[in-house]
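Turn these sequences into a full structure, and let the hints steer you where they fit.
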Amino acid sequence: MVIPTMVKVNLDIETELHKAIRKEAIDKGVSMKAYLIELIKKGMGIQEGGSREEGKIEE
Numbered sequence: 199m200v201i202p203t204m205v206k207v208n209l210d211i212e213t214e215l216h217k218a219i220r221k222e223a224i225d226k227g228v229s230m231k232a233y234l235i236e237l238i239k240k241g242m243g244i245q246e247g248g249s250r251e252e253g254k255i256e257e
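Counting from 199, one number per residue, gives the positions in the sequence shown under the working numbering.
Be aware that a few hints might be false.
[What the hints assert, rightly or not] With a cut-off of at most 27 Å between alpha-carbon atoms, the simulated DSSO-like pairs for lysine-lysine come out as follows:
(1) LYS226 with LYS239
(2) LYS217 with LYS206
(3) LYS240 with LYS221
(4) LYS240 with LYS217
(5) LYS240 with LYS206
(6) LYS206 with LYS221
(7) LYS231 with LYS221
(8) LYS239 with LYS221
(9) LYS240 with LYS226
(10) LYS239 with LYS217
Hints listed in this document are in silico derivations from the structure and should not be mistaken for laboratory results.
Dropping the structure here:
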């Protein structure tokens, strides 16, 4: 089993955006970290396992 290397990222966001992300994470029953990683992967078109889907990213 390969354990991916993680890096720490700091991000300054507006309070209301933080609250919205936190609420969505709670509603899904996951941590904010897990929820943000999921959103980033979806936005970048990255599939489970780290491979990128072919085609362009929707804007």
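For each hint given before, does the structure comply? Return the numbers of the non-compliant ones in rising order.
none
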